[in-house]
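**Q** Work out the full structure, taking the sequences as your base and the hints as a guide.
Residue numbers (this note's numbering), protein chains in the order written: chain S, 1 to 195; chain V, 1 to 211.
All clues given are correct.
With a Cα cut of at most 16 Å, we get these calculated EDC-like pairs of lysine to aspartate or glutamate:
{"#": "1", "chain 1": "V", "residue 1": "73", "chain 2": "S", "residue 2": "58"}
{"#": "2", "chain 1": "S", "residue 1": "90", "chain 2": "S", "residue 2": "135"}
{"#": "3", "chain 1": "S", "residue 1": "90", "chain 2": "S", "residue 2": "58"}
{"#": "4", "chain 1": "S", "residue 1": "90", "chain 2": "S", "residue 2": "50"}
{"#": "5", "chain 1": "S", "residue 1": "66", "chain 2": "V", "residue 2": "83"}
{"#": "6", "chain 1": "V", "residue 1": "73", "chain 2": "S", "residue 2": "54"}
{"#": "7", "chain 1": "S", "residue 1": "66", "chain 2": "S", "residue 2": "23"}
{"#": "8", "chain 1": "S", "residue 1": "165", "chain 2": "S", "residue 2": "135"}
{"#": "9", "chain 1": "S", "residue 1": "174", "chain 2": "S", "residue 2": "135"}
{"#": "10", "chain 1": "S", "residue 1": "90", "chain 2": "S", "residue 2": "54"}
{"#": "11", "chain 1": "S", "residue 1": "165", "chain 2": "V", "residue 2": "16"}
{"#": "12", "chain 1": "S", "residue 1": "174", "chain 2": "S", "residue 2": "130"}
{"#": "13", "chain 1": "V", "residue 1": "73", "chain 2": "S", "residue 2": "50"}
{"#": "14", "chain 1": "S", "residue 1": "165", "chain 2": "S", "residue 2": "151"}
Now the stretches of chain S that chain V is said to cover, found in silico as 3 or more residues with beta-carbon under 8 Å:
{"#": "15", "region": "35 to 41"}
{"#": "16", "region": "51 to 58"}
{"#": "17", "region": "121 to 129"}
{"#": "18", "region": "135 to 145"}
{"#": "19", "region": "162 to 176"}
Bear in mind the hints are in silico, worked out from the structure with no lab data behind them. The structure presented is a predicted model; accordingly, all values stated were derived computationally and were not measured. C-beta: ideal position from N, C-alpha, C; glycine also.
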Amino acid sequence: MKYADIDADETDRLLLQRMAAGDRAALATLYRAYHGRLCRFLSRLTRRNDVIEEVINDCFWIVWQKAGSFHGDSRVSTWIIGITYRCGLKALRQRGDEPVDEEGLPEDRTPAFDPGEDRELRDWLGKAMERLSADQRVVVELVYGVGHTLDDVATIMQCPVGTVKARLFHARVKLRNILPALAGEPITPKENRVP
Amino acid sequence: MKSTKDTDQDCARAWEAMPWVLQDSAPQEQSAWLTDHLARCEACREEFAQQSRLRLALALPTGIQLDPEAGLKRLLGRIDAGEAEASAPRARAGGWVTRALVAAVLVQAVGIGILGAELWSSGGNHASYRTLSNPAQPAMAGAIRVVPDTNMKLADWNTLLHSLQLAVVDGPNDVGAYTVMPARTSTGDAALRQLRAAHGIRLAEPVAANP
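**A** Okay, here's the thing in structure tokens:
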């Protein structure tokens with residue numbers, strides 16, 4: 001764990017302790033600190049803003065209630081993202097799993113400042129991610145986007161590390177076969193080879 | 001020169017290492033080894049470039065425009081509602097207990113009131129009674145203490161009392177004396193005389209008001 005992560009985790013733990021004592025200011029601080037990264041994480045599961053906000057609030061409702069029972073077996077961020085993941089899956093089950101479709105995004109999901117290169121990269125990512133299952137998208141986001149370790153991802157998804165490895169492997173194989181074609185490159189037999 | 005098998009093993013090792021080198025969590029020696037491998041393996045270099053592009057793409061802003069303050073406000077409102085809901089049953093339970101206690105006290109008060117009124121209205125009509133701790137019963141005007149003979153039959157005793165309109169109000173005491181009262185005070189003296197004259201009566205004396 002990096003020093004910055006250790007400091008951040010220490011801060012999060014203090015906030016949780018204050019929340020356990022009923023400190024709403026601590027809740028507000030933690031909420032604001034995590035809102036952006038939870039939005040990003042949940043955007044890999046659903047394209048609906050209302051669902052994303054509802055899931056974030058479901059998550060923090062649980063965090064508020066369970067703050068006193070956090071034993072510190074993992075980092076606070078791992079714990080919170082794990083809760084978010086389960087709340088997200090529950091919301092998707094209740095509404096029916098909707099695959100992320102970047103082409104179908106409403107205008108307000110397109111950043112106001114979106115240089116051509118970024119737009120191209122975003123389109124490329126969107127088309128690639130929609131070929132993955134929800135669990136594979138989550139693993140890719142957690143490893144490449146957030147920077148979690150295999151152990152962290154296993155804790156978040158409440159599954160063995162071997163399962164996380166398998167999901168990451170299959171996601172990478174799919175992306176390896178899709179991404180060059182999306183980038184306009186010809187697929188060669190060598191690119192289809194999996195180590 | 002490395003064999004093909006060695007190269008495949010190295011590529012597999014490079015494949016495993018790429019995510020952790022990209023997120024800067026791999027050990028220094030693993031990063032250095034991968035850098036060295038990528039310099040010699042074009043396929044892994046291309047794969048690493050794709051992985052880097054994927055990481056770059058995932059770091060782009062998502063374009064989600066959600067106001068954290070609005071969400072926080074809704075969350076706090078939800079917490080308020082939850083706490084109010086949690087405290088409501090306690091308040092309701094407290095109110096129920098209080099109301100039940102008040103009702104019980106009212107019922108008791110009404111009951112005591114009714115009983116008191118009943119006693120008040122019928123106070124003198126109740127037959128007086130005496131407990132062992134009470135002092136001796138005061139002498140009643142017109143009472144006669146009678147000692148019947150030990151051989152007198154109960155039927156004769158009852159017949160005599162009935163004929164003289166006397167009623168036993170006390171006794172027998174330690175010496176076998178009964179206290180009798182005439183039905184009418186005016187007949188007391190006559191009853192006393194007749195008792196003294198009756199067969200089987202050993203003693204008949206008026207009870208002194210102040211012994």
